[in-house]
Structure formats: structure tokens, C-alpha cells
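K.L.:
Sequence:
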Amino acid sequence: MTTRITALFALALLLLAPAARAELRIEITQGVSEAVPIAVVPFGYGGDGRPPLDIAAVVDSDLASSGRFAPMDRRDMVTRPTRPDEVRLEDWRLLKTDIVVIGEVRPADDGRYDIEFHVFDVFRGEPLMGFSLRAAAGNLRGAGHRIADMIFERLTGVPGVFSTRIAYVTVDQVDGRNRYRLWLADADGARQTAIAESPEPIMSPAWAPDGKRIAYVSFESGVSRVFVQEVATGRREVVSGRPGINSAPAWSPDGRRLALVLGGVDGNLDIHVVELGSGQVRRLTRHPAIDTEPAWAPDGRSLYFTSDRAGGPQVYRVGLDGDAPRRVTFEGSYNARPRVSPDGEQLAVVHNDRGNFRIAVFDLRRGGVRVLSDGRQDESPSFAPNGSMIIYATREGARGVLAATSTDGRVRQRIATTEGDVREPVWSPYPQ
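First residue of the sequence shown: 209, per my numbering; consecutive thereafter.
Wrong hints could be hidden among the right ones.
[Unchecked claim] In silico SDA-like pairs for lysine to any residue, Cα to Cα no more than 20 Å straight-line: (1) Lys304 x Pro289; (2) Lys420 x Pro637; (3) Lys420 x Ala398; (4) Lys420 x Ala440; (5) Lys420 x Val447; (6) Lys420 x Ala393; (7) Lys420 x Val439; (8) Lys304 x Ser340; (9) Lys420 x Arg465; (10) Lys304 x Ala344; (11) Lys420 x Pro451; (12) Lys420 x Glu408; (13) Lys420 x Gln437; (14) Lys420 x Asn347; (15) Lys420 x Pro461; (16) Lys304 x Met280; (17) Lys420 x Pro550; (18) Lys420 x Arg464; (19) Lys304 x Asp281; (20) Lys420 x Ala404; (21) Lys420 x Glu438; (22) Lys420 x Met280.
[As the list claims (entries may be wrong)] Ranges of calculated distance between the beta carbons of each label pair, as one might list FRET restraints: (23) Val579 x Met337: 32 to 40 Å; (24) Gln585 x Arg494: 44 to 52 Å; (25) Arg258 x Gly485: 48 to 56 Å; (26) Pro407 x Met337: 49 to 57 Å; (27) Ser429 x Gly576: 43 to 51 Å; (28) Gln238 x Gln488: 43 to 51 Å; (29) Phe538 x Gly338: 49 to 57 Å; (30) Pro496 x Gly605: 46 to 54 Å.
Keep in mind the hints are simulated off the structure, nothing from the lab.
Heads up, the beta-carbon is just placed ideally off N, CA and C, and yes, glycines get one too.
My request is simple: use the sequences and hints to build the entire structure.
P.N.:
Below you can see the structure in the form of C-alpha cells.
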């Protein structure tokens with residue numbers, strides 16, 4: 209039965225496709241037509257030699273990657289001010305730039321760096337914001353992301369997500385055998401770190417709400433087990449290793465529970481909730497159909513999940529109060545892998561669009577569905593913590609790559625790799 213693909217879809221893809229490690233690089237494939245012209249001037253440096261990192265380049269790249277800003281090429285800058293009293297707005301007005309960002313980096317006495325930046329509205333002829341922060345040498349890139357976040361929010365009214373991270377899975381060939389790795393990276397693909405690896409499949413990474421832990425499924429012992437791992441220390445523990453299937457972990461909003469898909473030796477899959485403190489397990493669904501891919505509602509009182517109980521994969525919602533599951537999606541013959549927006553008003557799914565599996569969002573309050581991607585085999589949607597973007601996996605030829613789209617469909621990104629196969633992305637919450 210074709211609907212049984214739903215439960216093991218991600219695992220099948222991992223098993224079939226070899227890959228190699230590759231750096232991630234964001235490419236804008238579609239931006240808003242009215243992208244704001246902005247000039248991020250190279251920051252001045254108050255120390256000897258060159259600064260350890262070009263922070264302005266990080267800010268420039270972040271803002272460009274949003275698709276909502278069009279940064280000026282440095283070669284076109286006729287002046288390069290670093291202090292507010294050096295800014296001549298009439299120069300930038302002639303260059304048809306709406307926004308100018310300047311800054312300085314100075315070594316501090318404690319070995320860290322003081323960073324000061326200012327933002328000017330050229331059109332209105334006035335300063336918009338100024339801020340200073342201190343960062344360790346090893347976190348200057350993080351400081352650049354934070355600056356980009358502040359500028360993005362000041363100019364758009366929406367919190368930026370450049371300081372967040374993504375997790376994803378790759379499959380490398382090592383000595384002729386598959387090597388599965390779970391990676392963490394900045395939202396722009398930089399600072400990649402592998403936090404788990406195995407010759408057997410690793411799948412279904414899920415960030416804890418505090419951003420300090422990740423749950424995932426590993427087959428390293430020959431059977432599926434769900435682990436929770438601390439990002440900073442690497443310490444991990446098995447939270448579910450029951451006979452049969454243990455899969456699809458999803459954190460509750462309070463971080464105290466995990467929704468899991470468990471199936472005994474008979475293979476029937478149902479949604480369960482595990483209390484992490486006590487280990488107590490509660491079964492939420494009891495149906496001979498496949499119930500899988502749980503996702504919590506933001507209020508923590510209900511779960512969305514995929515089920516084929518109506519004859520094809522559709523999304524249902526079940527409350528923790530014992531009410532019977534009710535169907536949520538009706539448009540189309542296939543809707544699976546639900547993920548809920550941070551505000552609880554949209555549901556991202558893998559949707560069958562004229563024979564193609566694409567990312568779509570359902571409006572849970574007003575109804576209606578919008579198809580956002582244009583691939584043939586798109587999967588694993590994950591909302592950014594501000595709800596404005598969705599990252600997902602897609603296919604490019606014979607290999608998997610990552611892509612992202614804004615929830616209004618106006619901005620699209622391809623998160624490119626030079627080689628290899630990348631899949632199962634998940635966007636982190638805001639850092640705490």
C-alpha cells in the first residue's frame with residue numbers, strides 16, 4: 209500500500225543515497241522585487257594589523273541572504289566612513305542607497321573586542337540606530353550575526369534569525385561504507401560541527417526549545433533508539449530503546465516531554481509521549497493504521513501527526529486530554545510531515561502537487577493552502593523561529609540539497625553544496 213511509505217520515508221531515503229561532506233553556501237534564487245538598497249561599509253579597526261574577522265562582510269552576507277536587501281558592492285563605495293561624523297548622506301543618496309551601516313572594531317583590555325555600529329536612513333537623512341557590544345575573538349562571527357539580526361529587526365519589524373543554527377544529516381562514503389553524520393551549523397552554513405556519527409542511519413534530529421539539546425534517532429546498535437544529546441558537552445542518553453520501532457522525536461514546548469512514534473514487534477506505529485524526568489510513557493493513538501511524524505502545537509496541549517487511517521497520508525490533531533483525533537488536511541491526496549509555525553497559525557507539510565511532492569502551508573485559522581516549493585521530491589520542512597522562513601530538503605539530480613523559502617513565497621534560497629548528499633534539516637530556536 210502506497211500510504212505505508214509515509215512511516216519509513218525518511219529512513220528509506222537515507223539508506224538509498226550515498227553522500228560526501230560538503231560546505232554549505234546560501235544562494236538566493238528568488239528575492240523580493242523591491243529589495244532595499246543597503247551599503248554595509250567595511251568596519252574600521254583600532255588594533256595592529258588586520259582584524260581577525262571581517263565582521264561587516266558577515267553582516268552584508270546575512271542581510272543579502274534574506275532576499276529582502278540588496279547590498280552595495282564594496283568596489284562601488286566612493287567613501288568608507290567608520291564613525292558617525294564621517295558619514296555624508298548626500299554621497300550615498302547619489303549612489304541610490306537607502307541604508308548605510310558603518311562600524312568600528314577595537315581590541316579590549318580583557319582580550320575580547322569592542323564592536324560599535326551605526327545605521328543611517330539615507331532617504332530621511334537621519335540615524336536609525338547605534339549599538340555597541342563586546343565579543344570574544346572566537347565569537348566574532350556570532351557578533352556579526354547578532355548585528356545583522358538587530359539591523360534586520362529595526363528595518364523590517366521582524367526579529368532576525370541569523371544568530372540561529374541548523375541541524376542536518378549527511379551520508380559520507382568512508383572506506384567504501386556509508387558514514388552517517390549529524391551536523392550543526394550557523395544559519396548561513398558556517399562553523400559546521402559534527403556531533404554524532406555512525407555507520408548505521410542517523411535520522412530525525414529535533415532541537416529542544418532551549419537550543420541546548422538535540423534528540424535524534426540512531427541505528428548504531430542495529431536497532432532504532434532515540435537519543436537526547438547536549439550540544440555543548442556531547443553527553444547523551446537513550447530516552448527510548450524499546451523493542452520494535454523508536455522514531456520521530458518531537459519536543460514539547462516546555463522541553464519536559466518528547467512525542468515519539470513507537471511500534472512493537474508487530475510494527476504497528478502509534479503516537480506516544482515520554483516524560484523525560486520520570487520516563488513515564490503515555491500512548492495517545494490506538495489505531496491499526498500508521499500514525500507517525502508528531503509535531504506539538506505551541507500551547508503544548510495537542511499534537512499534529514500523519515496518519516493513513518483514511519486511506520492516504522493526511523494530517524490529524526489529537527489532544528492530550530484524551531479526545532479522539534480529528535482530521536486537519538483535506539486538500540489533496542497526500543499531506544505528511546506536519547510542522548507548526550511558532551505562532552500556531554500555519555502548518556507546513558509535504559504536499560502532493562500534481563504528482564510532485566512539494567512544501568506547502570495550510571492556514572489553520574482561515575483555511576486554504578499555498579504551495580511554496582517547486583521541486584519534485586521536497587521533504588522535511590522546518591520553520592525558522594520567527595516563522596518567516598521554512599528550510600527543507602530537496603533533490604538536485606541524484607543528490608540531496610537544502611533549500612529555504614519564505615512563508616509568503618516571495619524569497620527562495622538554495623543552500624548549496626559542492627558535492628554530496630544533505631538532508632533532514634531542522635531550524636534551531638533562538639539562542640538562550
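K.L.:
Against the 20 Å threshold, does the CA-CA distance of Lys420 and Glu408 hold or violate the hint?
P.N.:
violated, 25 Å
K.L.:
Are the Cα positions of Lys420 and Met280 separated by 20 Å at most?
P.N.:
violated, 36 Å
K.L.:
Mind checking the alpha carbons of Lys420 and Pro637 for me, to see if they're no more than 20 Å apart?
P.N.:
holds, 10 Å
K.L.:
Between Phe538 and Gly338, does the beta-carbon spacing fit 49 to 57 Å?
P.N.:
Taking Cβ atoms as reference, Phe538 and Gly338 lie about 52 Å apart, which means the hint holds.
K.L.:
Are Ser429 and Gly576 spaced within 43 to 51 Å by their CB atoms?
P.N.:
Holds: the Cβ-Cβ distance is about 45 Å, inside 43 to 51 Å.
K.L.:
Gln238 and Gln488, beta-carbon distance inside 43 to 51 Å?
P.N.:
holds, 47 Å
K.L.:
Straight-line Cα separation of Lys420 and Val439 no greater than 20 Å?
P.N.:
Roughly 5 Å separates the two Cα atoms, so the pair holds.
K.L.:
Measure nothing beyond the straight line between the CA atoms of Lys420 and Ala404; if it is 20 Å or shorter, mark the hint as holding.
P.N.:
holds, 15 Å
K.L.:
Please check whether Pro496 and Gly605 have a Cβ separation lying inside 46 to 54 Å.
P.N.:
For Gly605 against Pro496, whose Cβ atoms are near 39 Å apart, the range 46 to 54 Å is violated.
K.L.:
Decide if the proposed pair is consistent with the structure: Lys304 and Ser340, CA atoms, cutoff 20 Å inclusive.
P.N.:
Roughly 27 Å between the alpha carbons, so the hint for Lys304 and Ser340 is violated.
K.L.:
Falls inside 32 to 40 Å, the C-beta gap from Val579 to Met337?
P.N.:
holds, 37 Å
K.L.:
Starting from Lys304, check that the Cα of Met280 is at most 20 Å away, please.
P.N.:
holds, 10 Å
The earlier numbered hints that this structure contradicts are 8, 10, 11, 12, 22, 24, 30.
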